[in-house]
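So the sequence lines, in the order shown, correspond to chains A and B. The opening residue of the first sequence carries number 0 in numbering that gives the first Met the number 0; numbering runs sequentially from there. The opening residue of the second sequence carries number 0 in numbering that gives the first Met the number 0; numbering runs sequentially from there.
Hints are supplied without guarantee of correctness; some may be wrong.
[Claimed, not checked] Taking lysine-lysine pairs in the DSSO-like style, the calculated list, with each CA pair at most 27 Å apart, reads:
hint, chain 1, residue 1, chain 2, residue 2
1, B, LYS188, A, LYS119
2, B, LYS18, A, LYS16
3, A, LYS16, A, LYS4
4, B, LYS18, A, LYS119
5, A, LYS4, A, LYS164
6, B, LYS18, B, LYS182
7, B, LYS188, A, LYS11
8, B, LYS18, B, LYS188
[Unchecked claim] According to the in silico footprint, chain B covers these stretches of chain A (three or more CB under 8 Å from chain B):
hint, region
9, 41-48
10, 58-67
[To be verified] Now the stretches of chain A that chain B is said to cover, found in silico as 3 or more residues with beta-carbon under 8 Å:
hint, region
11, 71-82
12, 153-165
Since the hints were made in silico from the structure, they are not lab data. All residues carry an ideal CB built from backbone N, CA and C; glycine is no exception.
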Amino acid sequence: MDWWKDIYAAIKEAGVKQVVYVPDAGHAALIDACITDNDITAVPLTTEEEGVAMLAGAWLGGQRGVLLMQSSGVGNCINMIGLMRTCRFPLAAFVTMRGQWHEFNPWQMPMGQGTEPALKAMDVLVESVEDPEDVANQSAAILHRAFVGQQSTALLLHQRLMPVKTFGK
Amino acid sequence: MSTLTRAEDFPLHRRDVAKRIAAVGGDDLLMVTGLGSTNWDFTAAGDRDLIFPLWGAMGGAVPLALGLALAQPERRVLVATGDAEMLMGLGSLATVGIQAPANLGIAVFDNERYGETGMQTTATAHKADIASIASGCGIAVTGTVRTEDELEAAIPRLLEQPGPAVFVIKVRAESLPFVLPAKDGAHLKDRFRLALLGNTSII
């Protein structure tokens, strides 16, 4: 369960200064690392679309940022992604998936299944990773695609990478 | 229903308010203007490369300006947006409250209307008080402006003194001629970055 360290290493290597997030258990260790990093401003959001807009502002000001969220948050971002596409702002999102694999909570299923098509409907370039060995390369690749290629892009972290949540059952 | 018509009698005119803020803010002020009338107000007051007008992204003006303010802590950043645009992103005031950037001012031009769609009333025409909401989010400098004197007192708090500051400026509900900025988003982004960061910023 140390794949999060590969994301952290990749965002450090890319010079990311703002990490904006709505927490997810799958991102918890990465969020903690960002909070304690003096070179990163870690920003908890009230909704994920705020984070999309924040990253546009960060780029206007000359800083790189990334958005961390779970798959349900993708649904909250859709209209704001139009800002990134219209203005060609870079967007790098790391999405921990729900509703895919040993999902206990049926309420997570619709948006979990809808995450990839919704992102693609907004012309976000989507990559998925299931093998922890691939997280480092995929993370570096989407950061390069966002900040150098100037695209909107997301890396979907498959639920098989996550601890299984059973609500005590 | 006097509650719903009072905004037609508010003394402050939004174009005058924008002109006054722009005059004090000067050419170095970094600005984000929100979807709708505040874009036209600040274009009328004088378009500049360091104004980023939003033609969409409703609810995004404040968080966008927050990202900018965190990236440019030595520069003053001002958001000017409308009450409806602010209402769609109220949660962002809580986010600003946590980060508390001293260089961020937020001016909400509140005509209590959806100005672009037929002047339908917003929640501020009824019960909602955005300055109280901002205060409740832990933003220390907040207020509601209704007169010229109150505007003159608020401007230095928006533009110069330590923030974050949120001022709701009650402006008359009036339909005015469009004064449009450029609308191509990539152009608006690049002109801003060129002016702020220089030529290497677009390579």
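Quiz prompt | Proposed proximity, B:LYS188 with B:LYS18 (alpha carbon, max 27 Å) | solution = Holds. B:LYS18 to B:LYS188 sits at ~23 Å (cutoff 27 Å).
Quiz item: Going straight from one Cα to the other, do B:LYS188 and A:LYS11 come out at no more than 27 Å?
Solution: holds (25 Å)
Exercise. Take the C-alpha atoms of B:LYS18 and A:LYS16, compute the straight-line distance between them, and say whether it is at most 27 Å.
Key: Roughly 35 Å between the alpha carbons, so the hint for B:LYS18 and A:LYS16 is violated.
Quiz item: Would the pair A:LYS16 and A:LYS4 pass a check requiring their Cα atoms to be no farther apart than 27 Å?
Solution: holds (17 Å)
Quiz prompt | Given hint A:LYS164 paired with A:LYS4 - CA-CA distance at most 27 Å | solution = The given pair, whose Cα atoms are some 21 Å apart, holds under the 27 Å limit.
Quiz item: With a cut-off of 8 Å between beta carbons, are at least three residues of the region 41-48 of chain A near chain B?
Solution: holds (count 6)
Quiz prompt | Verdict on chain B covering the region 58-67 of chain A, where coverage means 3 or more residues with a C-beta closer than 8 Å | solution = holds (count 6)
Quiz prompt | Cβ contact check, 8 Å cutoff: the region 153-165 of chain A against chain B, three residues minimum | solution = Result for this restraint: violated, n = 0.
Self-check item: Satisfaction of hint between A:LYS119 and B:LYS18, Cα-Cα up to 27 Å
Solution: Violated. B:LYS18 to A:LYS119 sits at ~42 Å, over the 27 Å cutoff.
Quiz item: Does the structure keep B:LYS188 and A:LYS119 at a Cα separation of 27 Å or less?
Solution: Holds. B:LYS188 to A:LYS119 sits at ~23 Å (cutoff 27 Å).
Quiz item: Does the structure keep B:LYS18 and B:LYS182 at a Cα separation of 27 Å or less?
Solution: holds (21 Å)
Practice problem: Between the region 71-82 of chain A and chain B, see if three or more residues pass the 8 Å beta-carbon test, and mark the coverage as holds or violated. | Solution: It holds, with 4 qualifying residues against the three required.
Checked against the numbered hints above, the structure breaks hints 2, 4 and 12 and satisfies the rest.
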